[in-house]
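Peer 1: Here is what each chain is made of, one letter per residue.
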Amino acid sequence: MSAPGSTTTKMIMGIIIDTIGRFLVLLPATLLFFSKPAGSTTIRVAPAGHQASISAALAACKDGDTIIVSKGLYKEGNLVIDKSVCLLGEGMPVIDGENKFEVLSVKKSDVTVRGLRIQNSGRSAMSDPGGIKIYDSARVTVEGNELVDNFFGIYIQYGTDCIVRNNLVKASQKEEHQSGNGIHCWKSANLQISGNRISGHRDGIYFEFVTHSVIWRNISENNLRYGLHFMFSNDDSYITNYFRNNGAGVAVMFTKKVVMMNNTFEENWGDSAYGLLLKEISDCFLSGNTFTRNTTGIFFDGSNRITMERNTLKSNGWAMRLQANCMDNKIRRNNFTGNTFDVGTNGFLTLNEFTENYWDKYEGYDLDKDGVGDVPYHPLSLYSIIVEKNPPAMLLFRSFMINLLDKSEKLLPSLTPDNFIDRRPLTKPVRL
Amino acid sequence: MPGILKYIALDILKNKIVIAYTIMLALFSWSAFGLEDNASKGALTVLNIVLLTVPLVSVLFTTIYVYNSNEFIELLVSHPVKRSMIWKSLFAGLSASLVLAYLLGAGIPLVLFTDPGTAAVMLISGSFLSVIFAALAFLAAVLTRDKAKGIGVSIMLWLYFALLFDGLVLFLFFQFSDYPVEKLVVMLSALSPIDLSRILVLLHLDVSAMMGYTGAIFKTYFGSAWGLLMSFCLLLLWIWIPFSLSLRKFIKKDL
Chain A
1 MSAPGSTTTK MIMGIIIDTI GRFLVLLPAT LLFFSKPAGS TTIRVAPAGH
51 QASISAALAA CKDGDTIIVS KGLYKEGNLV IDKSVCLLGE GMPVIDGENK
101 FEVLSVKKSD VTVRGLRIQN SGRSAMSDPG GIKIYDSARV TVEGNELVDN
151 FFGIYIQYGT DCIVRNNLVK ASQKEEHQSG NGIHCWKSAN LQISGNRISG
201 HRDGIYFEFV THSVIWRNIS ENNLRYGLHF MFSNDDSYIT NYFRNNGAGV
251 AVMFTKKVVM MNNTFEENWG DSAYGLLLKE ISDCFLSGNT FTRNTTGIFF
301 DGSNRITMER NTLKSNGWAM RLQANCMDNK IRRNNFTGNT FDVGTNGFLT
351 LNEFTENYWD KYEGYDLDKD GVGDVPYHPL SLYSIIVEKN PPAMLLFRSF
401 MINLLDKSEK LLPSLTPDNF IDRRPLTKPV RL
Chain B
1 MPGILKYIAL DILKNKIVIA YTIMLALFSW SAFGLEDNAS KGALTVLNIV
51 LLTVPLVSVL FTTIYVYNSN EFIELLVSHP VKRSMIWKSL FAGLSASLVL
101 AYLLGAGIPL VLFTDPGTAA VMLISGSFLS VIFAALAFLA AVLTRDKAKG
151 IGVSIMLWLY FALLFDGLVL FLFFQFSDYP VEKLVVMLSA LSPIDLSRIL
201 VLLHLDVSAM MGYTGAIFKT YFGSAWGLLM SFCLLLLWIW IPFSLSLRKF
251 IKKDL
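Chains as they are written, first to last, in the working numbering: chain A, 1 to 432; chain B, 1 to 255.
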């Protein structure tokens, strides 16, 4: 038991160190960029000045220049940045795409876009226009912008070492197909997505084929589908983010080696809404997360070798649902409080390990006062199995009949899998 | 009518059983809120008590009381009083005192410990349950002259609504699990006043589990103001139908 355990821990530590390392490596790179190379100039763009258009300034500048855009409204169609410049806004100038164009296209490495309000990009399912779209570039920084009512907010394809930081990304579409994602990253690596606030898009943050990246301190709420959506993106981590009231919560799918720490998942209500949906993922690490008031806190589907520890699962319908196609997951030292059902499953096969969790429904005793209950705890109630097979049976919730069935099942488990068990339940909550 | 009503109400209120029932409810509720660390858990414990004991006490006490006042009824019938008036005042007096006992016993802690919405729904549904089971008891008592049989019928009624009905529903769910029965389920719940009150209260308490797809359907049917009104109308029907049946029977009965 101990040998595979230590390898998982080693692997997890590896991922964490890796992520932090990347963070540190990227920092000097950005610093270097801000120290201007010799011979660079600053171009000012102002609605009333002699240089009134951003496109003209972009045409006139050369690598290493800075363009400062003054306050005002600019409607210039599609702006293409194909030189390594720094585009800065002063007093939040507005660049409008008039619902027709992609607003800013970055097609060169070493570009910085900061302090702009970019709004009303075109909408098209063919070309996926974005407020800011980065094509095949490295070391692009998008910082402190406001992206309002765009199809895609910030779109990165084939980007490496890019930074998306402290942006406000919001949209107000009502239907999923009319809206793109807030921050969309595709086939990229080494990205830093931090401190952004995203709301009203289809997915808040979307990762597909993105590796070695970090998502840190973002707030993603009221999005139409997922707050955060991972597909085929290995070796990433998301830390201290806040996901609230998204259509279906957060989904991590078809992915390996993802670290999820200190995030908050809140208020995801509905039949197929989950605080966190883990589908076909393996070798991940979940720690210090809080799941509150979700229909299902965490949903494990076809997920293997996940270590889940020191999480708080509070006031959910199902704190966690662990499908029978999951194996070798370790669930330890978590707090389960005030959930209607602690655990749900759909079969009899249990190949996962529960140990040293705190369950507020535990009714055992602790004679030797070591903080570990002397009687094992069965987190799976008969009723949760009935409801899993037969959702309308929810009608009988808290009926006396059901209480009787549950109590007799607890004494003599016959219908619930008897190896679904926490042999060392804690008598006091884990202090986090 | 007021004269008879007053006499019956005073007679019942002096009855030791009703006083004991009030005290028992009060003890249970106060200790439920005292022992549980949060008010919503306490409210759930009280809900369990309300759903089990209130119907049981109502149905048994009323049946026995009606049988015991047989001579009193015969005496009244010999006077120039309408039969329907006698039966109605008896019913009104009994229900009023049972509701009063419930409100005094469980109502005070509920109002003190839970939020106003939950307290209101629990008070209203508990009162409805008291009256509904009194009406069912009237029906049971009028059906047969034999006291033992009448009490037996009322116990069976309680057992059916409190336990068997849920078992039957569960059985039906498994039989028809291949079909989309969600909407049917909502209709089914109207067939038992205990289930109806339980769902009404739960929608105010335990939203988390009631969500999901089935929960969403419940919420759309019962959660809105319109649904609330509908369910209270259904509960009213549960009083009116058994009582009017018993009234019709009583008017024609050879005493």
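Hints are supplied without guarantee of correctness; some may be wrong.
Stated by the list, open to error - Far from chain A, by Cβ distances over 10 angstroms, these chain B residues were calculated:
1) ASN15
2) VAL18
3) LEU75
4) MET85
5) VAL181
To be verified - Pairs of lysine-lysine, PhoX-like flavour, derived with a Cα cap of 20 angstroms:
6) LYS314(A) to LYS256(A)
7) LYS41(B) to LYS314(A)
8) LYS62(A) to LYS107(A)
9) LYS187(A) to LYS256(A)
10) LYS6(B) to LYS16(B)
11) LYS389(A) to LYS314(A)
12) LYS389(A) to LYS149(B)
13) LYS41(B) to LYS407(A)
14) LYS219(B) to LYS82(B)
15) LYS82(B) to LYS249(B)
16) LYS41(B) to LYS428(A)
17) LYS41(B) to LYS361(A)
18) LYS149(B) to LYS249(B)
19) LYS100(A) to LYS187(A)
20) LYS149(B) to LYS41(B)
Since the hints were derived computationally from the structure, they do not count as laboratory data.
Computed from a predicted structure; not experimentally measured.
Virtual Cβ for every residue (Gly too), placed ideally from N, Cα, C.
Peer 1: Output the indices of the hints that this structure fails to meet, ascending.
Peer 2: When the structure is compared with the hints, numbers 5, 6, 11, 12, 14, 19 and 20 turn out to be violated.
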